[in-house]
Amino acid sequence: MVKREKDMIKEIKEQMRGGKGSVELLHIFKQEELKGKARLCAKIAINPGSSIGLHEHVGEEEIFYIISGKGSVNDNGTVTEVGPGDAVITGNGASHSVEAVGDEPLVMMAVILLY
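According to the working numbering, the sequence shown is numbered sequentially starting from 25.
Some hints here could point you the wrong way.
[To be verified] DSS-like mimics (lysine-lysine), calculated; alpha carbons at most 30 Å apart, straight line:
1) 59 to 27
2) 67 to 37
3) 67 to 54
4) 94 to 44
5) 54 to 34
6) 27 to 54
7) 30 to 61
8) 94 to 54
These are computed hints drawn from the structure, not numbers from a lab.
Construct the entire structure; sequences and hints are all you get.
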């Protein structure tokens, strides 16, 4: 299956998961298109100073792959700066949050896999 960007759903979330500002999600494939053990496949852009708030992943794991920009990730209580080429995985009841730091949006791929 080939899917064109014009056919993907773009969504803006304000204060996502209790975070700050706005976050843009480009849903590359919808859950029903994945037909497997995944519920999200999206490109996420977090505006400078905006964030996705701290939240837990139970029965699933989320993978972030950083494409551009800089971010601060709270990975189950450990705060680390991330940048292009870095990856984060959170699951098995662990929590995470991410904030864009710097002058440009933090852009990343996100996939949520179901156990």
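Outcome of the hint check:
no.: 1; hint: 59 to 27; in the structure: holds (15 Å)
no.: 2; hint: 67 to 37; in the structure: holds (13 Å)
no.: 3; hint: 67 to 54; in the structure: holds (12 Å)
no.: 4; hint: 94 to 44; in the structure: holds (16 Å)
no.: 5; hint: 54 to 34; in the structure: holds (11 Å)
no.: 6; hint: 27 to 54; in the structure: holds (11 Å)
no.: 7; hint: 30 to 61; in the structure: holds (25 Å)
no.: 8; hint: 94 to 54; in the structure: holds (27 Å)
Of the numbered hints listed earlier, not one is contradicted by the structure.
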